[in-house]
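Trainee: Modelling step: build the complete structure from the supplied sequences, incorporating the hints.
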Amino acid sequence: MSIHLHITKENMQQDEEPVLHSIPCKIHADDAANVETYFKPYIQNTEGDNLKSSFRGHPLEGKKIPVPKGYMGVTFFEYKKPETDDAERNIYATGRFSEFTYWNYDKVPTKNDPFISALDWIDIAEAKQKKKNKYHYYTNKEISQNLVVISTSGLCDK
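Numbering-wise, the sequence shown is residues 1 to 158 according to my numbering.
By construction, these hints were calculated from the structure, which means they are not laboratory data. We put the CB at the ideal spot given by N, CA and C, even for glycine. Heads up, none of these hints are tricks.
With a straight-line Cα cutoff of 27 Å, these simulated DSS-like cross-link-like pairs (lysine-lysine) come out: (1) K40 to K26; (2) K81 to K26; (3) K26 to K111; (4) K69 to K9; (5) K69 to K111; (6) K64 to K107; (7) K52 to K111.
Between beta-carbon pairs, the in silico distance windows are: (8) D86 to N45: 44 to 54 Å; (9) N11 to K64: 19 to 29 Å; (10) I7 to D85: 18 to 28 Å; (11) D113 to E83: 28 to 38 Å; (12) K9 to K107: 34 to 44 Å; (13) P114 to P66: 10 to 20 Å; (14) T84 to Y105: 29 to 39 Å; (15) V19 to D86: 28 to 38 Å; (16) T37 to A127: 38 to 48 Å; (17) T84 to P24: 27 to 37 Å; (18) I124 to P82: 28 to 38 Å; (19) Q44 to A87: 43 to 53 Å.
Mentor: Here is the structure:
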């Protein structure tokens, strides 16, 4: 199976960034969500830069997470789902972002959360690469280790 990422200059130069939320749940639907009406108005600021809300009656604690310096977040969408696991996939970039809101059930997000700590690996990978000599050719495996995929969003180098 191969995956083709389609990224165009037009998709990366939008006027307004999307507002992204990473919520700890699985929704068995692929429809538009009316976030502006049913979620956004109920987000409250708490101590520091923490946020508080709820989703379907479950309390959520959140925090805005910036994309690491020198990177940009990219949102992707797959218009046609593959019929088999071996089929080629085409995923299209729909925009870019510089921050997103990360939510936990009933606890404030910290660097100990697996998702947030994964972003620290970008700095570790960069430090490791700086130690390689200037004649080292990077393999696809080494390059792909610097890409963190977030659900239908990903972080990629500028």
